[in-house]
Amino acid sequence: MFERFTQAARDAVVRAQTEARGLDHDRIGTEHLLLALLHSGLTVPGLTYPHVHEQARRRTPATLGVEPDRDQADAAALKAIGIDLDQVRRTIEATFGPDALSLPPPEQKRSWWRRAMNHVPFTPRARKVLELSLREALRLKQRFIAPEHLMLGILRDNGGTATQIMTDAGVDLTALGQQLETALLRQAV
Amino acid sequence: MTEATDLAADAGNPDPRVGLRAVVALRRLLEGLENLQVANARRHGWSWQEIADALDVTRQGVHKKHAGRVPAADPQEA
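Respectively, the protein sequence lines represent chains H and F. According to this note's numbering, the stretch in the first sequence is residues 12 to 200, in order. According to this note's numbering, the stretch in the second sequence is residues 1472 to 1549, in order.
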């Protein structure tokens, strides 16, 4: 599906990750996609980037960096099979110095683009938006997915954080959808 | 129960979750140790081939996995 994305749409998806990171969110949600689209220059009447940014910050608490202590849980799990992680650590540190042994985050199953996204996963809703943007492109008989299709995908996912922010800001979702469609059909060859 | 009997009980715990969780922790420890030891070998001037032989893996495999995070011992080799 991602091979149909135009460069601008790809940039927006990558930018959504930057937005999520900037807000210390550990998932890319619809609000980060919206932020990325606004950042890329797509305009939505009545909506500004700073406003959405503030709303995204308020609506989702920062989650990055507050994971439970994995090392502690690992130590307990290893103890169950007779391995003393603290002892291992002490032995290593005696030779290699303090904090020499750092345990890497566990490997997860990832598809290539998830790896390319550098490990910030999408929320199911944001993934749905990406699928909906593909569906919108197909509906408009277009073989590419542009940032406008992504925005249409966001609009079709009613009830997501992005549409909530837009509705609360007084954006007319129906009118915006029509405007995007017009713009897309005009640029279609 | 003493700590020793606790341990014995845990080691024989039939709950798959306990055993599988230990495998995950062990894998993570293994990765941590491998990173540390490969970096150390590089600092000692070992070639990727020598490290691969010691780890019983292919040179390509060890290079692909570690070259990005370990400084090259010999700038010519990278």
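Derived from the structure by calculation, the hints contain no laboratory data. The beta carbon of each residue, even a glycine, is placed where N, CA and C say it ideally should be. Among these hints, one or two may not hold up.
Computed beta-carbon distance windows for the label pairs [stated by the list, open to error]: (1) F/Val-1495 <-> H/Tyr-60: 37 to 45 Å; (2) F/Leu-1507 <-> H/Pro-61: 38 to 46 Å; (3) F/Leu-1491 <-> H/Thr-29: 32 to 40 Å; (4) H/Gln-175 <-> F/Leu-1501: 41 to 49 Å; (5) F/Asp-1486 <-> H/Phe-107: 49 to 57 Å; (6) H/His-62 <-> F/Asp-1527: 52 to 60 Å.
Within a straight-line C-alpha distance of at most 25 Å, the following computed SDA-like cross-link-like pairs (lysine to any residue) qualify [as the list claims (entries may be wrong)]: (7) H/Lys-139 <-> H/Leu-114; (8) H/Lys-90 <-> F/Leu-1507; (9) F/Lys-1536 <-> H/Val-182; (10) F/Lys-1535 <-> H/Val-131; (11) F/Lys-1536 <-> H/Lys-152; (12) F/Lys-1535 <-> H/Lys-90; (13) H/Lys-139 <-> H/Gly-52; (14) H/Lys-139 <-> H/Lys-90.
Results of checking the hints against the structure:
For F/Val-1495 and H/Tyr-60, the hinted distance range of 37 to 45 Å is satisfied, since their beta carbons lie about 41 Å from each other. Taking 38 to 46 Å as the suggested C-beta distance range, the pair F/Leu-1507 and H/Pro-61 conforms, at roughly 45 Å. A hinted range of 32 to 40 Å for the beta carbons of F/Leu-1491 and H/Thr-29 is consistent with their spacing of about 36 Å. Distance hint for H/Gln-175 and F/Leu-1501: a CB-CB separation of about 45 Å, consistent with the stated range 41 to 49 Å.
The hinted window of 49 to 57 Å between F/Asp-1486 and H/Phe-107 is violated, with their beta carbons roughly 35 Å apart. Against the hinted window of 52 to 60 Å, the Cβ-Cβ separation of H/His-62 and F/Asp-1527 comes to about 58 Å, which satisfies the hint. For the proposed pair H/Lys-139 and H/Leu-114, the alpha carbon gap of about 34 Å is over 25 Å, so the pair is violated. Between H/Lys-90 and F/Leu-1507 the CA atoms are separated by roughly 22 Å; this keeps the pair inside 25 Å, and the hint holds.
A C-alpha spacing of about 49 Å is found between F/Lys-1536 and H/Val-182, which places the hinted pair above 25 Å, so the restraint is violated. Restraint check for F/Lys-1535 and H/Val-131: satisfied, since their Cα atoms lie roughly 23 Å apart, inside the 25 Å limit. A hinted pair counts as satisfied when its Cα atoms are at most 25 Å apart, and F/Lys-1536 with H/Lys-152 does not qualify at roughly 43 Å. Only pairs whose Cα atoms come within 25 Å are accepted, and F/Lys-1535 paired with H/Lys-90 is rejected, the gap being roughly 32 Å.
Among the hinted pairs, H/Lys-139 with H/Gly-52 is consistent with the structure: their alpha-carbon atoms are about 23 Å apart, no more than 25 Å. The suggested pairing of H/Lys-139 with H/Lys-90 is violated, with an alpha-carbon distance near 42 Å, which exceeds 25 Å.
The structure shown violates the earlier hints numbered 5, 7, 9, 11, 12, 14.
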